[in-house]
Amino acid sequence: MSSAPTTRPPPEPAVDAGLRAALSTTERPPRSSPLSACLTFGWRGMLKIKHVPEQLLDVTLTPVLFLLMFTYLFGGALAGSTTEYLQFLLPGILVQSVLFTSVYSGVSLNTDVTKGVVDRFRSLPVWKPAPLVGAVLGDCVRYAVGATVVVLLGLAMGYRPEAGIAGVLAAILLVIVFASGLAWIFTTVGMLMRSPSAVLNSGFMALFPLIFLSNIFVDPATLPGWLEAFVGVNPISHLVTAVRGLMAGTATAGEIGLVLASTAVSTAVFAPLTVRLYRAKG
Amino acid sequence: MVTPDPTLAIEASGLVKAFGPTRAVDGVDLAVSSGTVYGVLGPNGAGKTTTIRMLATLLRPDAGSARVLGHDVVDEADAVRALVSLTGQLASVDEDLTGRENLVLIGRLLGVRRAKAKARATELLEAFGLIEAAGRQVKNYSGGMRRRLDIAASIVVTPRLMFLDEPTTGLDPRSRNQVWEIVRTLVAGGTTVLLCTQYLDEADQLAGRIAVIDRGRVIAEGTPAELKASVGQGALHVRLLDPEQRADAERTLSRTLDAAPHVDADPAALSAPVAGAEQASEALAELSRAGIALANFSLGQPSLDEVFLSLTGHPAEEPASDLASAAAEEQAA
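Residue numbers (the numbering used here), protein chains in the order written: chain E, 37 to 318; chain Y, 164 to 496.
The reader is advised that the hints may include incorrect statements.
Stated by the list, open to error - In silico SDA-like pairs for lysine to any residue, Cα to Cα no more than 25 Å straight-line: (1) Y:302 x E:205; (2) Y:279 x Y:223; (3) E:317 x Y:279; (4) Y:281 x E:317; (5) E:151 x Y:192; (6) Y:281 x Y:308; (7) E:164 x Y:223; (8) E:151 x E:117.
Hints in this document: simulated from the structure, not taken from any laboratory.
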């Protein structure tokens, strides 16, 4: 027996009793609740920040540059002094920074769709909107990080919020709420576009004019009438007005209500649309 | 309407899916017994992936119906999802996350408690030889490692039925053997496997029954033995030392094998269909008796091309149009 020549290749490693043991568990856990599924997808978003921090750098660096450039370059000309202009500009830059970050919700969704991982998620028995709701929730952490960077830099440059820390926190919260409503528009775009960079480009292309044609950088009273009218209906202007108000302690319920209303509208329209597109994706 | 049969893991009848003018799947019927490996064999663009996606509830059929483990894939999609798992052509794992994070993520989504999900991830990483790479991002994994992680992710909760879409395409032979070994172990544990493949030898190695699919239709169905009987066991390829002797060799082979040998473009090479190893060795003996010296010889299984040629009269589609139709399918999907 032992002298018989053997031509069989040696057995492959990696698959052995361990696998048999691993497969012997046939226990089926109860279906995850919608909340826990969303939180798990949110956790996935956190892990992405941990592993791909460059993305965060992109979106925080631009507002930092804007803040420095506008304050020191144009501040004197626009508002008489850089300190005074900073008081005006900072809430706007806070808004700009967070809104640009919200484009990434669409970019990362598109990345998932172009890779195979969405097939895995869609074949799992979880609450169907969970991958999307979880991702948007996870992105709120990004928004918070971006907002914090801008506020800290502003404070270091001499910005002083009249409403103190509570006002700043309320303002950040409002920006995050608005951004997550806006993010649903970008997730819809993310489902429709062919590549992540197309989503990024079209998102930025759409945001740039809306950001500039708002009250972030200049007082709209100085604009020609037709432009002033546009700036007046731009939802980003409403957000900036409310954020300035919160940080200065002068915000009215109407200003905040207007922001919450536009958030509700964009969420109500685009969240179901994204979920529909996600589910119908072949 | 299909009446449920408890011994069948998959029952599909008349499945149709069109992407624009292309009918990717054009009336597919399948009956897969529980606890077996069922092979779906066909070239790129034949409709294998589309069929699997309909059965895995990722695509809604345009017509026809299917029950997976007794549940309708359209009306009871969630019940199906709870019992099956899918390993797609693209590795369905998150490349930015580590191997361990991927497995914990899937476990948590399936409702496994945190501590248990972590323990399960470790168990699977060890079983699949990935424990050393557990903390590395998946984008740094080799193709074989990625594929193993993908399969591990599919069994975080042991599925009753597993869809494997071309699990060894692009893998080196060693990784391929590992994947085969994993599939055998899965089935030994009672899981049913639906395996899509382009390789006849893969289907032959693993599957109890095979459906051959071409242009969206099942064109042949049976055990691997039945299928091969219809196309011949294989082919004997010989290469002569002296190309001058090819005509002699051709005569000898055609007499011994009772079939016309195929003359290759290579002036010293010949191949002929053989019924089995015995007949092949007989033919080799005849050649040496006739004084024809061989540089080398090999016995090959009929290729997918030969299967197709004999079943359909046309070869498996050209690689170029393959890619085009696969791309079209991909886009439409």
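Provide an ascending list of the numbers of those earlier hints which the structure does not satisfy.
1, 2, 3, 4, 5 and 8
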